[in-house]
Amino acid sequence: MKSVFAVEALSLTCFVLLNLVAAKNSEDIRCKCICPPYRDVEGQIYKQNVSLKDCNCLHVVEPMPVDGKDVEAYCLRCECKYEERSSGTIKVTIIMYLSILGLLLLYMVYLTLLEPMLKRRLFGHSQLIQNDDEGGVRVHFNVTELQLGQCRHYITDQQPFANAHNVLSRSHSRPNMLNKVEHAQQRWRRQVQEQRKSVFDRHVVLS
Amino acid sequence: MENPGYRTGSFDSLHHSSEDDDDDEMVDIAGATLDFSTTDDVPPLGTGSYEESSSRAAGMNGAGPSKLMDPLEDPLPGVGTYEDFNTIDWVREKSKDRDRHREITKKSRQSTVALLHSVSDAFSGWLLMLLVGLMSGALAGGIDIAAHWLTDLKGGVCLIGFWFNHEHCCWTSNETTFQERDRCPQWQSWAELITGTSEGPFAYIMNYLMYIVWALLFALLAVTLVRAFAPYACGSGIPEIKTILSGFIIRGYLGKWTLIIKTITLVLAVSSGLSLGKEGPLVHVACCCANILCHLFTKYRKNEAKRREVLSAAAAVGVSVAFGAPIGGVLFSLEEVSYYFPLKTLWRSFFAALVAAFTLRSINPFGNSRLVLFYVEFHAPWHLVELAPFILLGIFGGLWGALFIKANIAWCRIRKSTRLGHYPVIEVLVVAAVTALIAYPNSYTRMSGAELISELFNDCSLLDSSQLCGYKQPVNVSETGAGNSLADRPAGEGLYTALWQLALALIFKMMITVITFGMKVPSGLFIPSMAVGAIAGRLLGVGMEQLAYYNHDWLIFKGWCTPGADCITPGLYAMVGAAACLGGVTRMTVSLVVIMFELTGGLEYIVPLMAATMTSKWVADAFGREGIYEVSQVSRREKKQKPRRSEPRPDAQTPMLLPPQAHIRLNGYPFLEPKEEFDHSSLAVDVMRPRRGDPALAVLTQDGMTVGEVETVVESTHYSGFPVVVSQESQRLVGFVLRRDLLISIDNARKRQEGIVSASQVVFTEHTPPQPPEGPPPLRLRGIMDLSPFTVTDHTPMDITVDIFRKLGLRQCLVTHNGRLLGIITKKDILKHMAQISNRDPDSILFN
Chain A
1 MKSVFAVEAL SLTCFVLLNL VAAKNSEDIR CKCICPPYRD VEGQIYKQNV
51 SLKDCNCLHV VEPMPVDGKD VEAYCLRCEC KYEERSSGTI KVTIIMYLSI
101 LGLLLLYMVY LTLLEPMLKR RLFGHSQLIQ NDDEGGVRVH FNVTELQLGQ
151 CRHYITDQQP FANAHNVLSR SHSRPNMLNK VEHAQQRWRR QVQEQRKSVF
201 DRHVVLS
Chain B
1 MENPGYRTGS FDSLHHSSED DDDDEMVDIA GATLDFSTTD DVPPLGTGSY
51 EESSSRAAGM NGAGPSKLMD PLEDPLPGVG TYEDFNTIDW VREKSKDRDR
101 HREITKKSRQ STVALLHSVS DAFSGWLLML LVGLMSGALA GGIDIAAHWL
151 TDLKGGVCLI GFWFNHEHCC WTSNETTFQE RDRCPQWQSW AELITGTSEG
201 PFAYIMNYLM YIVWALLFAL LAVTLVRAFA PYACGSGIPE IKTILSGFII
251 RGYLGKWTLI IKTITLVLAV SSGLSLGKEG PLVHVACCCA NILCHLFTKY
301 RKNEAKRREV LSAAAAVGVS VAFGAPIGGV LFSLEEVSYY FPLKTLWRSF
351 FAALVAAFTL RSINPFGNSR LVLFYVEFHA PWHLVELAPF ILLGIFGGLW
401 GALFIKANIA WCRIRKSTRL GHYPVIEVLV VAAVTALIAY PNSYTRMSGA
451 ELISELFNDC SLLDSSQLCG YKQPVNVSET GAGNSLADRP AGEGLYTALW
501 QLALALIFKM MITVITFGMK VPSGLFIPSM AVGAIAGRLL GVGMEQLAYY
551 NHDWLIFKGW CTPGADCITP GLYAMVGAAA CLGGVTRMTV SLVVIMFELT
601 GGLEYIVPLM AATMTSKWVA DAFGREGIYE VSQVSRREKK QKPRRSEPRP
651 DAQTPMLLPP QAHIRLNGYP FLEPKEEFDH SSLAVDVMRP RRGDPALAVL
701 TQDGMTVGEV ETVVESTHYS GFPVVVSQES QRLVGFVLRR DLLISIDNAR
751 KRQEGIVSAS QVVFTEHTPP QPPEGPPPLR LRGIMDLSPF TVTDHTPMDI
801 TVDIFRKLGL RQCLVTHNGR LLGIITKKDI LKHMAQISNR DPDSILFN
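Line order of the protein sequences matches chains A and B.
Mapping of the first sequence onto UniProt numbering: position 51 corresponds to residue 51, and the numbering continues sequentially without gaps.
Mapping of the second sequence onto UniProt numbering: position 143 corresponds to residue 143, and the numbering continues sequentially without gaps.
No lab work stands behind these hints: they were computed from the structure.
Not one of these hints is a red herring.
Lysine-lysine pairs mimicking DSS-like chemistry, simulated, CA-CA at most 27 Å apart:
#: 1; chain 1: B; residue 1: Lys-416; chain 2: A; residue 2: Lys-197
#: 2; chain 1: A; residue 1: Lys-197; chain 2: A; residue 2: Lys-180
#: 3; chain 1: B; residue 1: Lys-807; chain 2: B; residue 2: Lys-832
#: 4; chain 1: A; residue 1: Lys-119; chain 2: A; residue 2: Lys-180
#: 5; chain 1: B; residue 1: Lys-751; chain 2: A; residue 2: Lys-180
#: 6; chain 1: B; residue 1: Lys-106; chain 2: B; residue 2: Lys-344
Construct the complete structure from the given sequences, taking the supplied hints into account.
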């Protein structure tokens with residue numbers, strides 16, 4: 001899970017940096033003039049890619065729909081606004097958002113569907129892991145497991161083969177990195193389950 | 001011994017917590033079997049230089065000659081921390097911080113390194129604020145951009161880059177027309193992409209269908225993600241943050257996962273078209289940022305009270321980025337959420353709010369250099385006569401607020417008590433489907449809440465072509481009259497259509513918001529309330545305008561509304577209406593007015609806004625005194641107590657420590673409302689425990705008890721703390737010791753210390769009394785005892801006691817009579833007493 005946070009932190013920093021140094025794309029500035037209907041001329045919107053100092057009706061509105069003597073009156077009614085955006089920021093934000101969303105969805109699918117399947121294949125049916133699919137990730141322990149208590153440790157892990165690894169490492173009683181990660185993840189899971197209980201079942205948080 | 005308070009505090013400051021360093025972690029305690037052994041995978045933090053140097057300093061200064069001799073009195077992990085769903089002791093935390101500070105100042109005179117350390121320590125608060133501002137601003141910018149894009153995705157897609165939203169897709173396109181400002185060939189609606197035509201009934205149905213499909217998909221993703229990863233991310237979060245700021249602990253509520261999931265799902269929920277806003281959840285997001293960043297600084301990581309100061313500032317940051325109103329944000333934090341708000345926090349909040357607003361501004365999420373979508377700018381004057389309709393709007397806002405709260409709470413009850421509550425995912429899907437189905441045909445409900453508000457706030461000038469500005473063109477328009485402000489005109493065909501569509505939208509919004517708020521997705525209430533008010537205001541505004549146009553010879557319009565003058569601005573009415581409705585629901589006044597005037601950038605509308613919000617507050621208060629946030633706190637206390645009533649409850653002394661299955665018992669938050677007044681002539685002796693006839697208070701004596709006896713006392717009760725007295729006969733008070741600290745210390749001593757058995761004496765005195773030579777060594781526990789517990793005498797009036805609890809944030813207070821310990825008052829006793837006085841069922845307050 002640490003990797004997700006690392007990605008998150010990194011991308012956030014990138015996001016801020018990129019936003020600060022984002023080179024002004026020439027596409028990213030515009031001068032937008034809105035001209036209301038005038039006599040028999042329809043209302044019209046003009047957009048030009050000009051700098052701030054040229055952002056006025058005389059530079060932007062072309063072709064001029066009225067004759068020379070009416071230009072001033074026409075232009076007085078137009079409203080010109082200089083606007084800029086950063087298309088780079090938009091692009092990065094959207095792509096980052098979609099990738100985080102995708103990662104989360106993949107992880108959710110993995111926790112709900114794939115993990116129990118892998119478990120079953122690894123340990124056979126003795127390791128009972130049931131999965132109720134209300135869209136959630138709920139892990140039930142059966143009674144014997146609860147009594148044994150120990151089996152909790154074998155139920156959650158991050159990588160498919162971490163279980164075997166876990167058993168091995170436990171037998172040597174030597175804590176290692178993987179164990180820590182697994183432990184953290186397991187604790188996280190317990191916490192989510194606790195939260196789920198208090199929010200969805202008991203309605204403690206939020207009316 | 002001259003300064004007992006200082007001694008305890010300075011000892012406490014040596015303690016560090018391993019469990020408390022991460023808010024994500026649950027302290028898993030099963031009854032009395034405490035597992036704080038150091039084999040836990042969390043390495044105790046803070047074993048570094050700070051601990052070492054502070055103990056060295058203490059030794060050097062001779063501040064505590066006896067303190068550090070005992071091996072047991074080395075800081076234990078876990079001592080001085082709190083459990084989940086528990087209340088912190090503000091007094092203890094504050095004195096902890098004071099002592100820490102004193103120590104650093106003392107040391108800073110001794111060496112340059114220590115001086116630098118003290119400077120960096122003093123600076124860390126501001127640095128933290130800067131970081132919170134930057135992070136929240138960046139996140140808010142991201143949320144804005146993503147939500148805008150995803151909302152537009154329901155209608156179509158941009159061909160020159162899928163990441164552009166509708167407006168940015170047509171950024172440079174010259175094909176847009178005056179009537180259809182957003183139409184350009186680069187942007188393709190789904191019907192155009194799938195069927196190839198953009199006209200006709202088939203294309204309409206196609207678009208309709210795609211809209212519903214996308215809305216359902218977004219809602220489904222939002223609710224499943226919330227359910228799978230961080231259930232605490234649902235809702236607006238403001239009531240919980242309020243409770244947390246008052247000293248309650250909800251672990252994981254402001255953690256990393258909550259932040260990630262809330263950010264991601266907030267965008268989905270807003271884009272799904274549900275009647276909810278992102279403003280409230282942004283406060284939660286900012287608080288999560290602050291809490292996570294707190295872990296970088298020792299000063300804030302270890303002290304719950306200091307951390308709450310940062311969270312108060314973060315609440316200000318949240319509103320600042322939500323409305324682009326830094327000052328309004330600070331006032332919101334002060335008026336609505338904060339419990340303890342010293343001046344220092346005020347300055348820091350302001351700084352953080354400014355940094356956040358600047359960050360958001362530099363990201364420029366909307367491409368128009370504004371921080372919010374519905375920024376308005378008009379300077380039309382208003383006349384004194386118009387105060388009458390503004391007050392009318394205030395009354396409407398108050399009525400709506402009261403009605404909304406009643407209806408929403410009733411709906412939440414139904415959700416809780418019936419089978420409906422068992423299907424949160426299906427509920428969200430059904431509501432999303434219904435919303436999409438009804439919302440699409442009406443263009444005012446189809447657009448997002450923020451867009452609707454911005455359209456309603458907008459004043460009709462010549463430049464506007466929307467339906468709302470569909471006035472009849474005056475025949476003899478004076479062509480020399482330059483400028484874009486227009487005189488009042490008669491309503492035309494377009495406006496009439498818009499009006500009845502708006503009326504339908506109003507009814508729809510009112511109904512659907514009641515059902516939507518409280519679903520298990522991140523949902524804010526600000527935008528829907530404002531939308532309701534803005535619609536009502538706009539309707540009234542147009543009505544007034546037409547009234548004035550057709551009857552300008554009436555007495556009230558005479559003199560200021562002559563024909564051809566622009567005297568009534570419907571946009572202003574919409575703004576006032578929005579403020580009134582928001583005020584009715586949340587009962588904010590000052591901060592709301594400031595937010596609105598920062599939104600408009602004009603000072604001239606303060607009087608109308610103030611009149612409307614005050615009226616709205618008065619009207620709403622007449623129906624029920626509490627705003628939606630308080631109500632949702634109270635209602636939590638009331639719920640579902642019936643099946644558990646028979647359960648034996650700890651109901652005396654300090655029943656705050658939770659038994660193993662404590663989370664099940666949690667029914668509400670102990671929140672001592674600072675706005676509520678207490679006027680009743682009861683005395684402390686009426687409220688304290690034990691009552692007459694109850695068994696005597698469970699106390700420990702300062703010497704003469706064995707470890708076994710202490711353990712028996714602790715295990716036979718549920719109380720979270722025990723007073724220590726000189727002897728059972730004299731009952732003279734020595735101090736107060738917390739159950740959690742006691743259990744941890746005894747457990748640790750049994751494991752680590754030579755010869756501690758059940759027969760060992762427990763000693764709370766400074767000097768160990770002479771021991772029998774053959775007996776086991778005594779267990780010295782003076783270090784964990786609070787030597788300065790708060791006491792009142794039995795004849796202290798309750799209103800003063802309540803004030804002490806509120807202002808100092810106490811957890812418990814001891815009651816003495818002639819200097820002898822008589823009883824104890826806890827926060828819960830006070831809340832029960834207050835409930836009793838106001839004729840509520842005292843048993844309804846069942847929080848632990």
